[in-house]
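Starting from the known structure of chain G, fit chain A onto it as the hints suggest.
Take a look at the letters that make up each chain.
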Amino acid sequence: MDGVRAVPLADLSDRELLEAHVAGEAQAFGELFRRHRDRMWAVALRTCRDPELAADAVQDGFIAAFRRADSFRGDAAVTTWLHRIVVNACLDRLRRRRPTSELPEYELGDPHDHHSSTEVRLDVQQALARLPEGQRAALVLVDMHAIPVAEAAEILGVAEGTIKSRCARGRAALAKELGLTPGRRAAHEV
Amino acid sequence: MDQSANTPEPDATDPRSTPTPAADDLDHHELEDEGPLPDLDPLSEARVRALLAAASDPGPMPGDVAARIEAALAEEARLRVDPAPTRAIDLDDAVLIPLIRRRQRPRPLLAVAAAAAAAAVVAVGASALHLTKRPNVAAALGDTTMTATSPTPTGSASLGDRGATIGTPGPVPSSLLPTGSVPVSPLPGPTNANLHIQVSATAYDAASLPTLARRLVSHPVPALPPLAAEAPHLGPVATETGLTSCLGALGVPTNQPVHADLAFFDGRPAVVIVSSSASGDTAYVVGRTCSTGDAHVLHPATPVP
Numbered sequence: 001m002d003g004v005r006a007v008p009l010a011d012l013s014d015r016e017l018l019e020a021h022v023a024g025e026a027q028a029f030g031e032l033f034r035r036h037r038d039r040m041w042a043v044a045l046r047t048c049r050d051p052e053l054a055a056d057a058v059q060d061g062f063i064a065a066f067r068r069a070d071s072f073r074g075d076a077a078v079t080t081w082l083h084r085i086v087v088n089a090c091l092d093r094l095r096r097r098r099p100t101s102e103l104p105e106y107e108l109g110d111p112h113d114h115h116s117s118t119e120v121r122l123d124v125q126q127a128l129a130r131l132p133e134g135q136r137a138a139l140v141l142v143d144m145h146a147i148p149v150a151e152a153a154e155i156l157g158v159a160e161g162t163i164k165s166r167c168a169r170g171r172a173a174l175a176k177e178l179g180l181t182p183g184r185r186a187a188h189e190v
Numbered sequence: 001m002d003q004s005a006n007t008p009e010p011d012a013t014d015p016r017s018t019p020t021p022a023a024d025d026l027d028h029h030e031l032e033d034e035g036p037l038p039d040l041d042p043l044s045e046a047r048v049r050a051l052l053a054a055a056s057d058p059g060p061m062p063g064d065v066a067a068r069i070e071a072a073l074a075e076e077a078r079l080r081v082d083p084a085p086t087r088a089i090d091l092d093d094a095v096l097i098p099l100i101r102r103r104q105r106p107r108p109l110l111a112v113a114a115a116a117a118a119a120a121v122v123a124v125g126a127s128a129l130h131l132t133k134r135p136n137v138a139a140a141l142g143d144t145t146m147t148a149t150s151p152t153p154t155g156s157a158s159l160g161d162r163g164a165t166i167g168t169p170g171p172v173p174s175s176l177l178p179t180g181s182v183p184v185s186p187l188p189g190p191t192n193a194n195l196h197i198q199v200s201a202t203a204y205d206a207a208s209l210p211t212l213a214r215r216l217v218s219h220p221v222p223a224l225p226p227l228a229a230e231a232p233h234l235g236p237v238a239t240e241t242g243l244t245s246c247l248g249a250l251g252v253p254t255n256q257p258v259h260a261d262l263a264f265f266d267g268r269p270a271v272v273i274v275s276s277s278a279s280g281d282t283a284y285v286v287g288r289t290c291s292t293g294d295a296h297v298l299h300p301a302t303p304v305p
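These protein sequences, in sequence, are chains G and A.
Taking our numbering, I'd label the letters of the first sequence as residues 1 to 190.
Taking our numbering, I'd label the letters of the second sequence as residues 1 to 305.
Check each hint, because a few of them may be wrong.
Stated by the list, open to error - List time: in silico SDA-like cross-link candidates among lysine to any residue, alpha-carbon distance up to 20 Å: (1) G/164 - A/53; (2) G/176 - A/35; (3) G/164 - A/264; (4) G/176 - A/73; (5) G/176 - A/47; (6) G/176 - A/43; (7) G/176 - A/78; (8) G/164 - A/208; (9) G/164 - A/38; (10) G/164 - A/37; (11) G/176 - G/130; (12) G/176 - A/46; (13) G/164 - A/244; (14) G/164 - A/39; (15) G/176 - A/36; (16) G/164 - A/50; (17) G/164 - A/42; (18) G/164 - A/36; (19) G/176 - A/241; (20) G/176 - A/50; (21) G/164 - A/45; (22) G/164 - A/46; (23) G/176 - A/54; (24) G/176 - A/37; (25) G/164 - A/43; (26) G/176 - A/49; (27) G/164 - A/293; (28) G/164 - A/49; (29) G/176 - A/41; (30) G/176 - A/53; (31) G/176 - A/277; (32) G/176 - A/42.
These are calculated hints, taken from the structure and not from any lab test.
The structure presented is a predicted model; accordingly, all values stated were derived computationally and were not measured.
So here's chain G without its partners, still in its complex pose (with noise of 0.2 Å):
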């Protein structure tokens, strides 16, 4: 018979992570935050712009997906899951906050860019600021994060289909307002 060896929690899947949670693992969940929060902040603070409501959002996020753990059905991935209940968690943020203000012009660029891509930079991130929400939700996930369309339709909870149109429309948006359509000047500029 195999000798009873302690498995580190770090060698676990995240499926595995997960139903050990649901069966009172008390580390299980720590080490599915570990592994995931920096990814769950990117998503957050790009789909929020806010890093106050990024980190609401997250923790929001990590506190269902904790609390509710069990009612992952196992058919998706942990990840997609986990960025469904963050991404959700922003929208929901973001809708509560718009009656009363407006989202801040928060700087993600890098300090150390050169000034002319900085530039750009903070260019692309106004414009993406300006999109619709759906439009930017789906532009993140799979312009930025190069998640599948497909399973970015399944974070959102629309078809493939919207998922591609609200990239289309979105990207076009961004082209123009950029000034990168052929014989167009950027938006900002008119």
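Relative to chain G, chain A alone:
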């Protein structure tokens, strides 16, 4: 373009505080998705995609944010764990995790019978774990889903993608039952079907109250199980009896649909209650100590559009 035909129904079991954007904000997204698709030339599209892909990474989660969330998760875990005397078997990672690994290894046929017996013991142990991971009150009251004969998610928990299981639904000899998991009498179910009590992380405020209250009625999340409602941190209002007392204090009848959401209002723990009547829906915001004699009103009654 109408997306509604392609939009999946909201999943009530999905761990989100609110429904999917598609279901929740359909009008907004319909407007966003209207009109013919733009005709962006491939070169411009590629440039946009390249710019987005090259956008600087926000970097790792700041330490203070990570610490804050870890603290919140630790608090969740603290509320989940019960060091009660009912704890009979300690399935920590010295026991549970090795079981995962052992189930993943090929075993000789002669070990099958022993493994089956072990699985039965683990099923009971997992059930005991489930029992002992609940708040004290719940553990003390017991739960029919905690008995070893019940095919609960815990009892049949699959550990690993390779089909390993640590529990098997089905009868277990009473001699195998740990002291903490003796079958208990079923608790009475909800006695007032009009009352829906849920917990969410929703952050209400005065501005969002009408919209979010409407969402509470139209897209409630699954109701809080009666035993979970006994959790001390939720307050008495999380129970049907407690909510009934609170409604009495508010003067809200209980013979009409009532949705109660244990959430937050202006950042404070609160209960948002929506009472539905023939004349319309009304939202009330009270503290979690709301009870007979003191409704602990946090916000005036608000009509729900």
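Okay, the hints, checked on the actual structure:
Of the supplied pair hints, the one linking residue 164 of chain G and residue 53 of chain A holds, its CA atoms being roughly 17 Å apart against a limit of 20 Å. Of the supplied pair hints, the one linking residue 176 of chain G and residue 35 of chain A holds, its CA atoms being roughly 17 Å apart against a limit of 20 Å. Using a Cα cut-off of 20 Å, the hinted pair residue 164 of chain G and residue 264 of chain A is violated, with the two alpha carbons roughly 36 Å apart. With a C-alpha separation of about 44 Å, the suggested pairing of residue 176 of chain G with residue 73 of chain A is violated against the 20 Å cut-off.
Taking the CA atoms of residue 176 of chain G and residue 47 of chain A, the gap is near 12 Å; set against the 20 Å cutoff, the hint holds. Of the supplied pair hints, the one linking residue 176 of chain G and residue 43 of chain A holds, its CA atoms being roughly 13 Å apart against a limit of 20 Å. Between residue 176 of chain G and residue 78 of chain A the alpha-carbon distance is near 52 Å, which puts this suggested pair outside the 20 Å criterion. Of the pairs offered as hints, the one joining residue 164 of chain G and residue 208 of chain A is violated, with about 31 Å between alpha carbons and a cut-off of 20 Å exceeded.
In summary, the hint linking residue 164 of chain G to residue 38 of chain A is supported, as the alpha carbons are separated by about 12 Å, within the 20 Å threshold. Note on residue 164 of chain G and residue 37 of chain A: the hinted pairing holds, with a Cα-Cα distance of about 10 Å set against a maximum of 20 Å. Taking the CA atoms of residue 176 of chain G and residue 130 of chain G, the gap is near 12 Å; set against the 20 Å cutoff, the hint holds. Annotation: proposed proximity of residue 176 of chain G to residue 46 of chain A holds, straight-line Cα distance about 13 Å (limit 20 Å).
Taken as a hint, the residue 164 of chain G and residue 244 of chain A pair is broken in the structure, with Cα atoms around 49 Å apart against an allowance of 20 Å. The straight-line distance between the Cα atoms of residue 164 of chain G and residue 39 of chain A is roughly 13 Å, inside the 20 Å bound, and the hint therefore holds. For the hint linking residue 176 of chain G to residue 36 of chain A, the alpha-carbon distance of about 16 Å falls within 20 Å, and the restraint holds. For the suggested pair residue 164 of chain G and residue 50 of chain A, the alpha carbons sit about 17 Å apart, so the restraint of at most 20 Å is met.
Using a Cα cut-off of 20 Å, the hinted pair residue 164 of chain G and residue 42 of chain A holds, with the two alpha carbons roughly 15 Å apart. Note on residue 164 of chain G and residue 36 of chain A: the hinted pairing holds, with a Cα-Cα distance of about 13 Å set against a maximum of 20 Å. Restraint check for residue 176 of chain G and residue 241 of chain A: the C-alpha separation of about 59 Å exceeds 20 Å, so the hint is violated. Restraint check: the Cα-Cα separation between residue 176 of chain G and residue 50 of chain A comes to about 15 Å, which is no more than 20 Å; the hinted pair holds.
Between the alpha carbons of residue 164 of chain G and residue 45 of chain A the distance comes to roughly 13 Å, so the proposed pair stays at or under 20 Å and holds. A hinted pair counts as satisfied when its Cα atoms are at most 20 Å apart, and residue 164 of chain G with residue 46 of chain A qualifies at roughly 15 Å. Between the alpha carbons of residue 176 of chain G and residue 54 of chain A the distance comes to roughly 19 Å, so the proposed pair stays at or under 20 Å and holds. With a C-alpha separation of about 14 Å, the suggested pair residue 176 of chain G and residue 37 of chain A falls inside the 20 Å cut-off, and the hint holds.
Taking the CA atoms of residue 164 of chain G and residue 43 of chain A, the gap is near 18 Å; set against the 20 Å cutoff, the hint holds. Between residue 176 of chain G and residue 49 of chain A the CA atoms are separated by roughly 13 Å; this keeps the pair inside 20 Å, and the hint holds. For the given pair, residue 164 of chain G sits about 56 Å from residue 293 of chain A by alpha-carbon distance, which is inconsistent with the 20 Å threshold. With a C-alpha separation of about 13 Å, the suggested pairing of residue 164 of chain G with residue 49 of chain A holds against the 20 Å cut-off.
A hinted pair counts as satisfied when its Cα atoms are at most 20 Å apart, and residue 176 of chain G with residue 41 of chain A qualifies at roughly 12 Å. This hinted pair checks out: residue 176 of chain G and residue 53 of chain A have alpha carbons roughly 18 Å apart, not beyond 20 Å. With a CA separation close to 50 Å, the supplied pair residue 176 of chain G and residue 277 of chain A exceeds the 20 Å bound. Restraint check for residue 176 of chain G and residue 42 of chain A: satisfied, since their Cα atoms lie roughly 14 Å apart, inside the 20 Å limit.
Going down the numbered hints, you'll see the structure goes against 3, 4, 7, 8, 13, 19, 27 and 31, while the others check out.
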